[in-house]
Amino acid sequence: MMVRIDLWWLPRAFVLGLLAFVIFGPLTNLVLWTVAEKWYFPHMLPLEYGVSFWQRVFSPRGNAMESLGTSVLIATLTVIASLALAIPAGYALSRLKLPFRGLILLAFLIPQAFPNLPVYVNIARFFYQIGLNGTIPGVVMVHVTHGLVFAVWIATAAFSAVEIDLEDAARSIGAGPIQAFRDVTLPLAAPGLMASAIFVFLESLDEFTGSYFVGAPDVTTLPLLLYTAGAGGNYQIASITALLLLVPSIGFMLVVERFLRADVLSKVGH
Amino acid sequence: MQKRLLAILLVLPALTMIVLFFIVPLFASIVGAFEIGDTFGLGNFTKSFELYSKDMIFSLVIVGISAAFIGLFSVAIGGYLILGENPRAVALLRWLYRWPMFIPFIVVGQVMRTFLAKNGLMNNIFVSLGLLTPLQTVGFLDWRGIVIAFVWKQTPFVTLLVAGAMASLDRSTIEAARNLGASRLRILIEIVLPQIAGTLLVGLILSFVTMMSVLSVPLMINAQSPTMLTADIAFRINAHGDYGVANALGMISLLLTAGVALIYLRQTVRERS
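Residue numbers (the working numbering), protein chains in the order written: chain A, 47 to 316; chain B, 2 to 274.
Just so you know, these hints were derived from the structure itself, not from any lab. Note that the structure is predicted; figures quoted are calculated from it, not measured. Keep in mind that the hints are not guaranteed to be accurate.
[Claimed, not checked] A few chain A residues facing chain B, derived, Cβ under 7 Å:
no.: 1; residue: L64
no.: 2; residue: L65
no.: 3; residue: K143
no.: 4; residue: L151
no.: 5; residue: V165
[As the list claims (entries may be wrong)] Derived DSBU-like pairs: lysine-lysine, alpha-carbon spacing no greater than 35 Å straight-line:
no.: 6; chain 1: B; residue 1: K119; chain 2: A; residue 2: K84
no.: 7; chain 1: B; residue 1: K55; chain 2: B; residue 2: K4
no.: 8; chain 1: A; residue 1: K143; chain 2: B; residue 2: K4
For each residue, glycine too, the CB sits at the ideal point set by N, CA and C.
Same shape as in the complex, but just chain A (with noise of 0.2 Å):
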């Protein structure tokens, strides 16, 4: 018998090589400047790799750990702002007869939907006026409004998969409204209310523009750390900090469908 070999193999395997130098070749870039000791042109790998630039970042004196503080902090606030609106608001939108309820659930989608360039910039000059620039309650604020849709959508998709019958058969055995929900439906909720926190989470943590203009210079969070690092040309702790924000997001790339059943995902925006 003859071995038969598959000469497809050629082009698949230059094109899906070529993927991969396209995807994972900016990657390793980063991860080797953050180990980079000395590195310059035309050499095509560092001359010499080390740690000292990752002891410089989380010395005790160092702002990336501050930076790191703050951005989780902000992060947690907006995903527990987040959560306490969006839970009544799913549940009403799921459950409850709304008038207009297309409207109201487009009504959310408005900030991924338009340049929210313009927008920043006229809530920094009223935070301004009112004391709230440059202060982490004005930075979670800007955080909620623009992580509102994930929160809302995904609450209303979590609470729509759960069966109403059961919610029924927790009242017809003398369960209250309240507690029928806090024991029946919040649990049954919860995965996709917990893959609603993680997408703002990570909203929060990533969000560049809203910060920059209303929390610098006084609120660092990571991704403005970021940015004064390269600016400064600081490629090491820049990339550093770009480390620390990638590992969190491709994490989640890995796990989200754990999170977000199918049955979950088939009813987001409906």
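Take the given structure of chain A and dock chain B to it, following the hints.
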């Protein structure tokens, strides 16, 4: 009636947030565009066109070219995902294409700045492979860098939408065409593409808006003239405190985006009627 009131009360806080921190500032920006001192007029717009008309065209061209590439690549990847005959290559592609999706724009800017520079890793690899000599290397940190960064970051998102729409198509027409001997490329263009055009359009318009409002990529890759309108708006505020021209530029970018969305929408309505 009471139930309806309850529903409205539950939605109201979230809606208030959107109105207060997005719709009100949006109107403030439109009003501010016409404000000159204490009076109203078109002065900000004349100044914007005098100083930045080149950048307006530059922004549109960059975002337009990027959107074209994003559309091309997403259809190609999505098409291979449903029409590819080798399960291993399909699985590999499915695993590969999504990586940049959740990477923040600011990180994309930093990554591309170091990768595409005249002495960046890309040129270094080409030199080591003997494809280029050190003297032949060119940096890509101009309009090409912005296009590459946009396409790199936005293609996975549009592909995800397009591939989802393709996966839910009725396979029987595809199988029928295949049995009649149609090539896969022809099936993709003549059978699959027309059915998913709506999804592709939505993905491209969302990407268009996103690219028009990204500040970090143009600031990091190409901040010198000509640059994108977002960088000009930031410059007007930070260097001059000039809210009038900044708001006028904001409104112009709003109109450009709305214009593109409208042209596409009218096109689809015409195609369907």
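A quick look at each hint next to the structure:
no.: 1; hint: L64; result: violated, 11 Å
no.: 2; hint: L65; result: holds, 6 Å
no.: 3; hint: K143; result: holds, 6 Å
no.: 4; hint: L151; result: violated, 10 Å
no.: 5; hint: V165; result: holds, 5 Å
no.: 6; hint: K119/B - K84/A; result: holds, 17 Å
no.: 7; hint: K55/B - K4/B; result: violated, 56 Å
no.: 8; hint: K143/A - K4/B; result: holds, 8 Å
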